Amino acid sequence: AQSVTQPDIHITVSEGASLELRCNYSYGATPYLFWYVQSPGQGLQLLLKYFSGDTLVQGIKGFEAEFKRSQSSFNLRKPSVHWSDAAEYFCAVGNTPLVFGKGTRLSVIA
Amino acid sequence: EAQVTQNPRYLITVTGKKLTVTCSQNMNHEYMSWYRQDPGLGLRQIYYSMNVEVTDKGDVPEGYKVSRKEKRNFPLILESPSPNQTSLYFCASSPWGHPYGYTFGSGTRLTVV
Chain A
1061 AQSVTQPDIH ITVSEGASLE LRCNYSYGAT PYLFWYVQSP GQGLQLLLKY
1111 FSGDTLVQGI KGFEAEFKRS QSSFNLRKPS VHWSDAAEYF CAVGNTPLVF
1161 GKGTRLSVIA
Chain B
280 EAQVTQNPRY LITVTGKKLT VTCSQNMNHE YMSWYRQDPG LGLRQIYYSM
330 NVEVTDKGDV PEGYKVSRKE KRNFPLILES PSPNQTSLYF CASSPWGHPY
380 GYTFGSGTRL TVV
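Going down the list, the sequences are from chains A and B.
Each residue of the first sequence is one higher than the one before, starting from 1061 at the first, in the working numbering.
Each residue of the second sequence is one higher than the one before, starting from 280 at the first, in the working numbering.
Think of the hints as simulated: they come from the structure by calculation, not from any bench.
Source: prediction; values computed, not measured.
We put the CB at the ideal spot given by N, CA and C, even for glycine.
Among the clues, some could well be false.
[Unchecked claim] If you anchor each label on the Cβ, the simulated ranges turn out as follows: (1) A:1131 <-> B:338: 22 to 32 Å; (2) A:1131 <-> B:319: 24 to 34 Å; (3) A:1121 <-> B:281: 11 to 21 Å; (4) B:282 <-> A:1086: 26 to 36 Å; (5) A:1099 <-> B:280: 16 to 26 Å.
Starting from the given sequences, assemble the full structure and let the hints guide the process.
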């Protein structure tokens, strides 16, 4: 069965610092992988997705993620965090249906 | 504009009073799904539909019903709501068989007292 683990429930970073959010998945075949962001009181917005090909994918808002098959990971990164990036981030695997991780809440401090 | 529209955004109701949360999409997507989001549990799938008149249970279907009479609409029905159904609900849609990811509605925050 598909599953997603986001090991970090809450992360706090300083504005301007780099960010890495971890995601590990379990999937029987080549996975489709996604990162979504949910700002407070909002719905979920797709940041980026991986289907195949280049293992480093670029998304919106300056985010990128790297697929590592050997580690079953799809970690999300951003070189310099802005205060507006404070939100909850969800990793997901699959297609129809999508299976979501429990999320990582990102706080940004000045 | 391509979108998934949920109504209402907020709802407070009493235990046992039947309610329906509507979901409509304008993208001609075959696949539609309902999720509930609870703190510490992430998003859990309630029901999904692969096309008109084709629905199936997700991970947490107890206490919910759905219908898919038209391709664009996928209402979520709580026939006898209970306090443990207090949650944030999301409807989502996607083309079937294409890994484009879901388009989500803005959410419905339901409180059952």
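Verification of the supplied hints:
no., hint, in the structure
1, A:1131 <-> B:338: 22 to 32 Å, "26 Å, holds"
2, A:1131 <-> B:319: 24 to 34 Å, "25 Å, holds"
3, A:1121 <-> B:281: 11 to 21 Å, "20 Å, holds"
4, B:282 <-> A:1086: 26 to 36 Å, "32 Å, holds"
5, A:1099 <-> B:280: 16 to 26 Å, "19 Å, holds"
The structure fails none of the hints (numbered hints given earlier).
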